[in-house]
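Next come the chains, spelled out residue by residue.
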Amino acid sequence: AQKVTQAQTEISVVEKEDVTLDCVYETRDTTYYLFWYKQPPSGELVFLIRRNSFDEQNEISGRYSWNFQKSTSSFNFTITASQVVDSAVYFCALSEAAGNTPLVFGKGTRLSVIA
Amino acid sequence: GAVVSQHPSWVICKSGTSVKIECRSLDFQATTMFWYRQFPKQSLMLMATSNEGSKATYEQGVEKDKFLINHASLTLSTLTVTSAHPEDSSFYICSATIPGQRYEQYFGPGTRLTVT
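Each protein sequence line maps, in turn, to chains A and B.
The first sequence begins at 1 in my numbering and counts up by one.
The second sequence begins at 1 in my numbering and counts up by one.
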């Protein structure tokens with residue numbers, strides 16, 4: 001069975017600090033997809049990134065970066081120079097690559113960035 | 001990009017009544033839609049998979065007679081919460097996939113249901 005673990009329930013940082021959100025996953029599939037979503041107070045999920053299991057390259061998008069390591073089954077997310085607008089709940093998720101399959105979500109990490 | 005809408009965005013109903021939530025793919029046809037439920041400060045949990053023209057597949061522990069799902073067209077799936085109770089109060093989110101892009105899921109903005 002697939003499982004996603006986000007051990008950090010809540011994180012609080014001061015603005016401009018860097019913060020890393022951890023994600024560890026379990027799957028028996030050799031091909032799968034990993035995702036990160038942001039959920040602001042409005043509730044709407046905001047897609048951040050999708051990574052397939054064959055692509056272990058790290059990715060950087062502005063202040064966001066992702067570190068995917070299959071050896072440790074981790075897909076960690078780092079926000080550099082955090083801002084108040086980054087305050088939200090962040091979910092890591094996993095899906096099979098077969099397609100038309102639902103996402104399995106972690107429990108989420110609530111990030112609070114304090115000015 | 002692909003857009004999924006939900007209606008209503010929020011609803012308050014009295015205990016014992018039924019509520020229908022719509023999930024529409026606005027600019028694509030979705031053969032498969034998923035319904036998730038999110039209780040306050042919790043994660044999203046899959047309730048059911050909705051396939052156009054066939055019966056929905058429910059996850060273990062989800063009462064199919066209470067949460068009626070109808071996927072009558074390639075752009076619309078509906079979730080009806082029948083005889084709602086306060087414990088059904090939750091945030092309901094749907095997602096849809098595009099044929100040919102099966103790994104991609106497009107989420108609706110969610111519907112917040114409060115049962116009084």
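Some hints could be false.
Said to hold, decoys possible - Straight-line distance between alpha carbons at most 25 Å, and here's what the computed DSS-like set of lysine-lysine pairs gives:
| # | chain 1 | residue 1 | chain 2 | residue 2 |
| --- | --- | --- | --- | --- |
| 1 | B | Lys41 | A | Lys107 |
| 2 | A | Lys3 | B | Lys41 |
| 3 | A | Lys70 | A | Lys107 |
| 4 | B | Lys41 | A | Lys38 |
| 5 | A | Lys70 | A | Lys38 |
| 6 | A | Lys16 | A | Lys38 |
| 7 | A | Lys16 | A | Lys70 |
| 8 | A | Lys38 | A | Lys107 |
| 9 | B | Lys14 | B | Lys55 |
Unchecked claim - Residues from chain B shown here face chain A by an in silico Cβ test under 10 Å; the list is partial:
| # | residue |
| --- | --- |
| 10 | Phe28 |
| 11 | Thr31 |
| 12 | Ser43 |
| 13 | Phe91 |
| 14 | Phe107 |
Said to hold, decoys possible - Below, a sample of chain A positions facing chain B; criterion: calculated Cβ distance under 7 Å:
| # | residue |
| --- | --- |
| 15 | Glu26 |
| 16 | Gly43 |
| 17 | Pro102 |
| 18 | Lys107 |
Read the hints as simulated data drawn from the structure, not as lab findings.
Please read all numbers here as calculations on a predicted model, not as lab measurements.
Ideal placement from N, C-alpha and C gives every residue a C-beta, glycine not left out.
Outcome of the hint check:
1. B:Lys41 x A:Lys107: 9 Å, holds
2. A:Lys3 x B:Lys41: 19 Å, holds
3. A:Lys70 x A:Lys107: Between Lys70 of chain A and Lys107 of chain A the Cα gap is close to 21 Å, so the pair holds against 25 Å.
4. B:Lys41 x A:Lys38: Holds. Lys41 of chain B to Lys38 of chain A sits at ~14 Å (cutoff 25 Å).
5. A:Lys70 x A:Lys38: 23 Å, holds
6. A:Lys16 x A:Lys38: Distance of about 19 Å is within 25 Å: holds.
7. A:Lys16 x A:Lys70: Measuring from Cα to Cα gives roughly 30 Å; hence the hint is violated.
8. A:Lys38 x A:Lys107: Cα-Cα ~12 Å, so holds.
9. B:Lys14 x B:Lys55: Between Lys14 of chain B and Lys55 of chain B the Cα gap is close to 28 Å, so the pair fails against 25 Å, i.e. violated.
10. Phe28: 14 Å, violated
11. Thr31: 7 Å, holds
12. Ser43: 5 Å, holds
13. Phe91: Hint on Phe91 of chain B: holds, closest Cβ of chain A at ~6 Å, below 10 Å.
14. Phe107: With a minimum Cβ separation of about 5 Å from chain A (threshold 10 Å), the hint on Phe107 of chain B holds.
15. Glu26: Since the shortest Cβ distance to chain B is 15 Å, the answer is violated.
16. Gly43: 5 Å, holds
17. Pro102: For Pro102 of chain A, the interface hint holds, since the closest Cβ of chain B sits about 5 Å away, which is under 7 Å.
18. Lys107: Lys107 of chain A check passes; min Cβ-Cβ to chain B is 5 Å, inside 7 Å.
Figure legend: structure checked against the earlier numbered hints; hints not met, in rising order: 7, 9, 10, 15.
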